[in-house]
Amino acid sequence: MADTRQIRSRRGPVAYVLRTFVIVYLAVLVIWPLYEVGKQTFAPTKSGAEGGFSAFLDRLSDPSVTYAFSLTGTVAFWAVLINTLFGVGISLLIVRYQFPGRRVLSVLVDLPMSVSPVVVGLALVLAYSTGKGWFGEALESVGFYVIGTTPGLVMATAFVSLPLVIREIVPVLEEIGTDAEMAASSLGANGWQTFRRITLPSIKWAVVYGVVLSMARSLGEFGAVKIVSPGAELRGETATLLIQNRYNNYEEPTAYAAAFVLVLASVLALVVVSLIRKEDHP
Amino acid sequence: MSIDVRGVGKRYGDFVALDDINVSLPTGQLTALLGPSGGGKSTLLRIIAGLETADTGTVDIEGVDATRLPPQKRNVGFVFQHYAVFKHMTVAKNVAFGLEIRKRPKAEVKAKVAELLELVHLSQFAHRLPSQLSGGQRQRLALARALAVEPSVLLLDEPFGALDAKVRKELRDWLRRLHDEVHVTTVFVTHDQEEALEVADEIVVINEGRIEQIGSPDELYDEPANDFVMGFLGAVTRLGPLALRPHDIEVAVEPGVVGSTPGVVQRALRVGFEVRLTVDVEGQEEPVLVVLSRTHARALDLELGSRVWLSPTTGATTVPVLGVPREAVVSA
Amino acid sequence: MTDTLVTPPGPAPTRGRPSGTAKSSGGLFRLTPTSGLGLGVALVWFSVLVLLPLAAVVGAAAEGGFGRFWDTLTDAQTFAALRLTVVEALLVTLVNAVVGTVVAWVLVRDQFPGKRVLDVVIDIPFALPTIVAGLVLLSLWGPESPVGVNIVNTRQGIFLALLFVTLPFVVRTVQPVLLELDADVEEAAASLGASRLTTFRRVILPSLVPAIAAGSSLGFARAISEFGSLVLISGNTPYETEVASLKILKFLEGDNQAGAAAVAVLLLIVAVLTIVVLDILSRRVARRG
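Residue numbers (the numbering used here), protein chains in the order written: chain E, 1384 to 1665; chain Z, 299 to 630; chain S, 555 to 843.
Hints were generated in silico from the structure; no laboratory data involved. Heads up, some of the hints might be wrong.
[Unchecked claim] Cross-link-like lysine-lysine pairs, in silico, DSSO-like; alpha carbons within 27 Å at most:
id, chain 1, residue 1, chain 2, residue 2
1, E, Lys1422, S, Lys669
2, E, Lys1515, S, Lys669
3, S, Lys669, E, Lys1661
4, Z, Lys391, Z, Lys408
Between the sequences and the hints, there should be enough to build the whole structure, so can you do that?
Below is the structure:
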């Protein structure tokens, strides 16, 4: 995408200085550290031992590590599922329906994005923990516990990634307007048929995009989870918590191996997202 | 001469935008560069302004070789089709921009801005932002901004192209009057032949990177150098070996004139005060278009299927259809 | 052209301005029993998940009255943590405002091999889980640093971590604005005699200011509330390297819910202010047209 205008294509010494600065800045801040993570991940466990891919797999096959990743996967799955259903529903309501408080709601659903994850965790504790929370005792009396359990982890994760799906769908819904939906209704389609055959196909990519973003965010959530989880090995220890615990216990190789998996997941998300963008805007 | 363009050529890859252009524009004249889109007229204007560099040739402005000068040093005023106003500055600040760059004293800047806003009738909007102006007002602002630095030449690239028909017409008349007042050497690019004929002292017709003809509006209209120029300046039809204007055809209901061509009226369309005839003529594939006044048509008592004889009127502008030598032919 | 994972948080772009699709004002549907039920379910879930817990935070902070809230925040150790957080966040924001604009400029205006790779690199700090971001930095600047620099438990470490996680904000808000800048305007400035530097300073930069401000406020909000990437780097030493979010954790672990809630409310206020600032900015830009 070169600029054809001469005024922009002419390059002075300043341009080369800026270019060099940006490359060095990004290299030192991002690229070099990432490279070091890769190096640590595949380093031999002990001096003299074999490094490389087998060492990496070795570290990941530890039962507490597999537990952490499967817990993270489970939590992310439920959080994303809930956010997708909720996100599609609330987007349709906000864009298509008239009800009191509609504008307030559309601002409020954005709020979780700006709240510190620690505050999210704290908020869930102050609302639902037994002994400390507003509803702790009521929940205890029916035998349902939020804090320190998997449902609590799902809630914390769902909270922080809540707006991601909505943010993607709302602009698309606003853009496509209601003409096609009205036409479908006038042709006799009921609400569900209109949604499934007209609305859903046009917001399909927005939903997929939102799901990928939510998934990436959910897999990597740390702060909120840290506070609501017991965080002990094989007991509520998600992948991100595992990384912290292992690093602090001087088991750095395991921490790096687990971190590397999450880095890969993030990069994969980036790639998928860029592919979707291409698909969406050919 | 205010602007001297000699041997200018410009290519974009394989595409020849300009091919050996030679043109001189006298001081104080209002010149139109006329031609179809993509013909190279905007490129020529931008080369004069220094916004593009020619591959070959030279550009002199006011006797100075400007070929290698950056746009900053050429002292030209440039007006863009889409105004290119500075959105974050007020109307007055926009006009003052060039003067502030030149570090003129504050009082002088203020006086000059006031004078120019007066000239373009925007005084009451001095403290508004451009977003609060209409398209025509923005273009007048852009013009005032360009004139503020007292440029040796004023260049306008399709200045009225983005405006609606009514505003375009108003601004066109206004530009002519403004030029008569300010007298700055002005070149404007347009693809609208009516605009060029109405406003310009001289027209340069450019097509496919070459100059087709240079002349006053009357010269171009009456003595087109070739069928391209003729076709570009107005409606053209074919009668036998000649291309000519539909209103330059004489219609008779009897074979009176020697050499007149017989034909049959296929269609008659009345548009306001004129009648447009489509006449089928033997030995010619496409029909001849004829325009005549309503009164005249009525006098001839024409209807569909009427037999008519067509001939060029006396003094009609004609050019040979397959005129390989590009010379005007004026039939008597 | 920018394939970005980062839709920076803040009001979604289309929501601020009066929607051009007209349907949002005129052609809205009335609630049917089904959609009404859906709205009810959605509101209950939203309240359970978001509103009630946040209300609980505010409630806990308000429990002892304003006096106690104030005392908590002005306690020497807490105040030191808050001040450090704000100062570091401001410094990082300042650097980002300049460097982010430069990065965006180079990515849009310059052409060189590998530019697309850099464009992806910008997104990585945002895409990485925060704890991983911390670990990534420690791999180069940690106890086993290959260059022999250890940032653990230093203010420079906090600065670096915040710089890392806030990298995309200014870049990604400025980039699209730069892409859409009209080349005509720069040509107009040039023909009026403005040098390239003057054109940048007087014509281009003013058009970027709203975007720079928006990106900076997003980055500031993020820096104020950052937690994950600091957990491994900040040594959490009171008065030295303790930041607000870690202070909340410490209060909570010490069973001081009111203290945790007080700091949390402060962070919530910053979050809300950011949303308000962004909304004002986007309205102003929309008005300028």
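Evaluation of the provided hints:
no.: 1; hint: Lys1422(E) / Lys669(S); in the structure: holds, 24 Å
no.: 2; hint: Lys1515(E) / Lys669(S); in the structure: violated, 52 Å
no.: 3; hint: Lys669(S) / Lys1661(E); in the structure: holds, 18 Å
no.: 4; hint: Lys391(Z) / Lys408(Z); in the structure: holds, 10 Å
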